[in-house]
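Participant: So the chains spell out like this:
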Amino acid sequence: MARWEKTVGRRAFLGGAAAMIGLPFLPSIASADTGLGAPPRRLVFWYVPNGMRMDRFVPTQTGPSYVLPPLLQPLSAHTDQMLVLSNIANSPAAAAVAGDHARGTACFLTCTALPDPGLPVQVGPSADHLASQAPTAAGTLYPSLHLGVQTQPPAGTCDSGYACAYQNTITWADATTPVPLRTDPEALFQALFGGSNPLLSQAELQRRHARRQSVLDLVSAEAHTLSGRLDSADRAKLDQYLTGVRSLEVRLHDNPPNGGATVCDPGPPAVTPVSYPHHVDLMSELMVKAIECDATRVLSFMADASGSYRSFAFAGVPSSHHEVSHWGFGSEAEQTANKDAWEAICLWHVQRFAAFVDRLATRLDADGSTLLENTTILFSSEVGDGHSHSHTDLPVLLVGSGQQTVQVGKHERFTSPERVSNVLLGLLDRFGANVGSHGDSTGIPSSVFV
Amino acid sequence: MLLWTALLGCPSSPECPEGGCTPVPSGEGDLCAPVRTTFDQQCVLCHGEDGAGDLDLRDLEALVERPAVGAFLPLVASDGDLDASYLWLKLRGTQGGVGGGGATMPPGGRLGDDALAAVQAWVEAGGQCVPGDLPVRPPVVGEPTPLPIRRLNRFELDNAVRDLLGSDVRPSASLPADDTLEGFDTLGEALTLSDVHVEQLELAMEAVATGFVAQTWSGGPIEVALDPQQMVPSTGGAQGDGWMLWANGTLVGDFEVPLAGDYRVEVRAWGTQVPPDPVQMAVMVDGPIVATIDVPNGAPWLSYIVDLTLEPGEHEVSVAFLNDSNGPDGDRNLVVDGVRVLLDRADSAVYRRYEDGLACDPAASGRTVCLEALFGPLMTHAFRRPLEDGELGRLVAGLDTLATTWDLPYTETVTAGVHAVLLSPHFLFRPEAGLPDGSLTDHELATRLAGFLWSSIPDTELRQHAEAGDLSEPSVLEAQTRRMLADPKAAALVDSFGGQWLWLRRIGQGAPDPGLYPEVDDALRDAFTEQGRRLVHDALLGDRPLSSILTRTDPAIDPSLASFYGFPGTITTWQEVDLALEGRVGLLSNGGLLAALSNPTSSNPVRRGKWMMTQLLCDAPGDPAPGVVAGFDPEVGEGSLRERFAVHRAEPVCASCHDLMDPLGFSLEGFGPAGEARSTDDLGFPVDTSGTLPDGRSFDGPSGLADLLADDPLFTLCAAEKAFIYGLGARVDARNHPYVLEAHARFVEGGVFFDDLVVGVVLTDAFRRRGP
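Which chain is which? The protein sequence lines are A and B, in order.
Residue 1259 in our numbering is what sits at position 260 of the first sequence, and the numbering runs on without skipping anything.
Residue 746 in our numbering is what sits at position 676 of the second sequence, and the numbering runs on without skipping anything.
Just so you know, the hints here were simulated from the structure itself, not pulled from any lab data.
Ideal Cβ positions, reconstructed from N, Cα and C, are used throughout, including at glycine.
Treat each hint with caution, since some may be false.
[What the hints assert, rightly or not] What follows is a set of in silico ranges between Cβ atoms, one per label pair, in the way DEER data are often shown: (1) Q1060/A to A243/B: 50 to 58 Å; (2) L1118/A to D426/B: 47 to 55 Å; (3) A1312/A to G639/B: 32 to 40 Å; (4) P1255/A to A284/B: 22 to 30 Å; (5) T362/B to D1280/A: 53 to 61 Å; (6) A1312/A to V818/B: 54 to 62 Å; (7) A1202/A to A243/B: 27 to 35 Å; (8) D1216/A to D414/B: 34 to 42 Å.
[Said to hold, decoys possible] No farther apart than 25 Å at their CA atoms in a straight line, the calculated lysine to any residue pairs in the SDA-like style are these: (9) K559/B to E600/B; (10) K1338/A to P584/B; (11) K1338/A to G709/B; (12) K559/B to L611/B; (13) K1338/A to D1054/A; (14) K1338/A to P1058/A; (15) K1338/A to E713/B; (16) K1338/A to D752/B; (17) K1338/A to S1387/A; (18) K1338/A to L586/B; (19) K559/B to E537/B; (20) K1338/A to A716/B; (21) K1338/A to S710/B; (22) K1338/A to P1116/A; (23) K559/B to R422/B; (24) K1338/A to D583/B.
Sequences and hints are given; from them, build the entire structure.
Facilitator: The following block contains the structure:
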């Protein structure tokens, strides 16, 4: 605790006048209530669509010394903080009918089989949401944040008759409540760091705060009254609303406008994205800021839409991502050309991910450790091979040792397919969420976690 | 007797006592034998024990009155009604209209004529092997079911805020996208809420409330001035501070107003005259002429005032010179010196609606009195029903406490109140309790109606009918429906229903490779969308039949579309032109839609054909068979695109769907990945737009395709199904499918005009009742 307080000055904190420009109060930093003497652990889930070209992604050798394959080259500076896992499967996503992108996305962090298309939506909860419920996630501005870049539904119907909710998010609060992604960098910056309005005086800020609290009081009272009159199915819908109101009430209560003199420097406000690559970069930087400022400890990010048809002309591949990921048509030469185009897109995605890791590795926590050392990031995709839509042989990286809870620095190949759910179970456990089991999990793999 | 018939008809039945019955020779009176032979040979490989689709075709008797999986009909109707027997429809490829889908059976080709005739005879005998008396089946009637409570979607929230407060602040801007189901965002089942929603709603509604107070309490009039020299002229030149139109033409400018209300548009103008006529000036707002004015000779200018009602948001004003004359008698010109749009706040819609509250002076009348005067009407309007006992009192008491504790200024107290109303579950959700007899209350019915037609909340007239209790009378309900369809707010049907059914919301999302198609920019994308919007608008709300969406050849286009489509005439603004020569027919020739159904560098006939089957015929092709990978790459391979796609139809299991999808898509091959006209495909082979469907119908090109689809009975059935799903906010199932047919019957009787379909949906019990 003492160490935390002493070293707090190492961070780029602002005080006094700086608070006037509207920054959040972060109790965990200001009051040092972690009491651990160590920075908090963080957990991040990074999703890319359409699989990975596995013959260029998985090292040939296993163990601590392996030759970095082309698609892992962007991460070459972080091999000591990286665990490559191979022979990983998410079998609840598999089925004998089409719709692998929908199932792979919905199962990504839930590891739960979906009902058939046309039946009421049912999956979840997801690992990121479960992590947000852990005591170790509490005390921050947001128990978790879920980011994406898809601002409107893609031009195309949702996969094979499955409800679009299965593809629009990877986060599920419970079996029937998808959590939408935050896609607007400016709104996210505002939510994280814009707790007050620079045009208002302190007295006005306090009045506004009181006004909003009163409004929420009034609203939740009305909602409770209404809820009492509804049948149980409708009540469940209204409960989603009441839950939201309650967490907002808590956030307002914990963050009064005159809360603190010392706050974290958020840097310049986010801007409107001008392109998809720019959008990914902005969201990546905001995630780093959120971690750095301890505004949240659990993050998930969909780096593109499930089964994305995006053209990667900016990366030299004018065809759509989904089309080239189905590399296996035509002659051998044509298949090779397709694979190369797909690999270029895969490489672009790994590079974006590596840029995020770079940022975490260069910024310091209060005790002088890097953010990366206190974080674990799961990097994966909704399918393994893009052509066959496999849910076996998934690309899985764990980056960041999470304060020595993950056996980083090697390539671990399982002899029989290991379940994604077991990896997620371990991540949850080491983060501090004691969930017992998750999806189809059978137990925490000992070769992955410390 | 029935038993005897069954025994007679089933000569191989084990129940047949040895020597006790006379086997009927095959083919003579035994309707089952040839059917069984056909099924055994062509069907039971898949539909045998544990058969696909939970269907076992080995036991013919068991098929009678057995519900088909995923559809709303028995496999074989016991009364011999072919149209009510799903098995028959599935063999004929007409399963789409009854909730079915997937491939026509059997895969890889229809049954031969003899086999089909045998099946027909058997089905017409009600599934009996020997024709006998047919039972009378009770008519299938619908059953209204309660809908889950649902929140307003983003589009509805924006419209409701606009209609409640006369404001154009859009709370949806920061809200997450709504999930859709069955292609629409109006199904309560899919409209979930999360912490992120609530967080963003709270901020957005605070901004709306703050804006409302600022707009209604800040006093002065609203004034928007346009500089004539900054407006867009079709002719003329600067003249002093103004603009001279020296030939017949227009001066066009955009402006935005924050509040709904009765505005004054003021045009300052003068003219140079040629006797005997004065200068004729017309003023248009958002299209139509709102005033034609004689402008007398000489400077300085005079002010001409036009009164009109405007909704908040963007508008377009246009000043036109109508009677140019230039000759020996002189030169007649019109000079526009200035344009202003003005609103006295007391003339705003919101001020009039809440006048008692807004005019109330808390210093004189007391805070509580003024808050009650404002929030009584405001909450009634927002909650779409009379207030319950104590409801108003609770809000006012809460506001009173807040104001006293924090010494809040009155305006901030009002802000808090509006904020609370907008966040109330009674505003954000549509709770329905219904009446003991299973019908909706008139207020609930009004809310459903306003949601369907306006994507908003009821207006005063609708609410008055609900209060009078006569809205549920069919004649009143129909009259109100038609009144609302004629209201400009019905444009919501175009943007939301058309936006989702016909993809108007996605037309702009086509992403042709910018390297190949640099001419496709945001402006052109917007023009594609606007072209589609106008086409759909005229079909849904104009006087054209719904099928004009597919068949119309005289759409409105603008200069950018004229250039992209290669239209030879000169046009300066949106204008209806004949595009038949350019081969552009209906929505399916819209460049944006074609691009959205393409790959970046190649057209995708399968995607286009699948879209037509799914969206226009409600006959979604089934998923590719297990083991077949979707996402076939047409850019790979040799020969013409058509030849490269032939692989789809080589396998019988693929052909069952692709024989239908592919020809539909090929007819649009004259349009490339950006929707551009072309005569050769991506490898330089000449395009061939002719096609033949498995049932023998032949057609060629966009116009043949349009006629084919418009004439297909599945098209009107599909439109009825889509309107029902959208309007009711529920999936179609066996219980409510009869209502779709009921609405469809009215639609077709009236000559396939959309307003009849809407009335048809509204008058069904599914829409008017909640069920027990």
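Participant: Take the hints in turn and mark each one as holding or not.
Facilitator: Hint-by-hint comparison with the structure:
1. Separation of Q1060/A from A243/B is about 52 Å and conforms to the stated range, judged on CB atoms against 50 to 58 Å.
2. At roughly 51 Å, the beta carbons of L1118/A and D426/B sit within the given window of 47 to 55 Å.
3. Range check, A1312/A to G639/B: about 34 Å between beta-carbon atoms, so the 32 to 40 Å window is met.
4. Roughly 26 Å separates the CB atoms of P1255/A and A284/B, a value that falls within the hinted 22 to 30 Å.
5. Between T362/B and D1280/A the beta carbons are some 56 Å apart, a value that agrees with the proposed interval 53 to 61 Å.
6. A beta carbon spacing of about 47 Å between A1312/A and V818/B contradicts the range 54 to 62 Å that was offered as a hint.
7. For A1202/A and A243/B, the Cβ-Cβ distance of about 29 Å falls inside the hinted range of 27 to 35 Å, so the restraint holds.
8. At about 38 Å, the beta-carbon gap between D1216/A and D414/B stays in the expected band of 34 to 42 Å.
9. Restraint check for K559/B and E600/B: satisfied, since their Cα atoms lie roughly 17 Å apart, inside the 25 Å limit.
10. Using a Cα cut-off of 25 Å, the hinted pair K1338/A and P584/B holds, with the two alpha carbons roughly 22 Å apart.
11. This hinted pair checks out: K1338/A and G709/B have alpha carbons roughly 22 Å apart, not beyond 25 Å.
12. About 11 Å separates the Cα atoms of K559/B and L611/B, which keeps this hinted pair within 25 Å; it holds.
13. Proposed proximity of K1338/A and D1054/A is supported: the alpha carbons are some 10 Å apart, at most 25 Å.
14. In summary, the hint linking K1338/A to P1058/A is supported, as the alpha carbons are separated by about 18 Å, within the 25 Å threshold.
15. Of the pairs offered as hints, the one joining K1338/A and E713/B holds, with about 24 Å between alpha carbons and a cut-off of 25 Å not exceeded.
16. Our distance criterion of 25 Å between C-alpha atoms is met by K1338/A and D752/B, whose separation comes to about 21 Å.
17. A C-alpha spacing of about 13 Å is found between K1338/A and S1387/A, which places the hinted pair at or below 25 Å, so the restraint holds.
18. For the hint linking K1338/A to L586/B, the alpha-carbon distance of about 22 Å falls within 25 Å, and the restraint holds.
19. For a cut-off of 25 Å, the pair hint linking K559/B to E537/B stands: about 22 Å separates their Cα positions.
20. With a C-alpha separation of about 24 Å, the suggested pairing of K1338/A with A716/B holds against the 25 Å cut-off.
21. Using a Cα cut-off of 25 Å, the hinted pair K1338/A and S710/B holds, with the two alpha carbons roughly 23 Å apart.
22. Restraint check: the Cα-Cα separation between K1338/A and P1116/A comes to about 31 Å, which exceeds 25 Å; the hinted pair is violated.
23. Proximity of K559/B to R422/B is assessed by CA-CA distance (about 20 Å); at most 25 Å being required, the pair is judged to hold.
24. In summary, the hint linking K1338/A to D583/B is supported, as the alpha carbons are separated by about 19 Å, within the 25 Å threshold.
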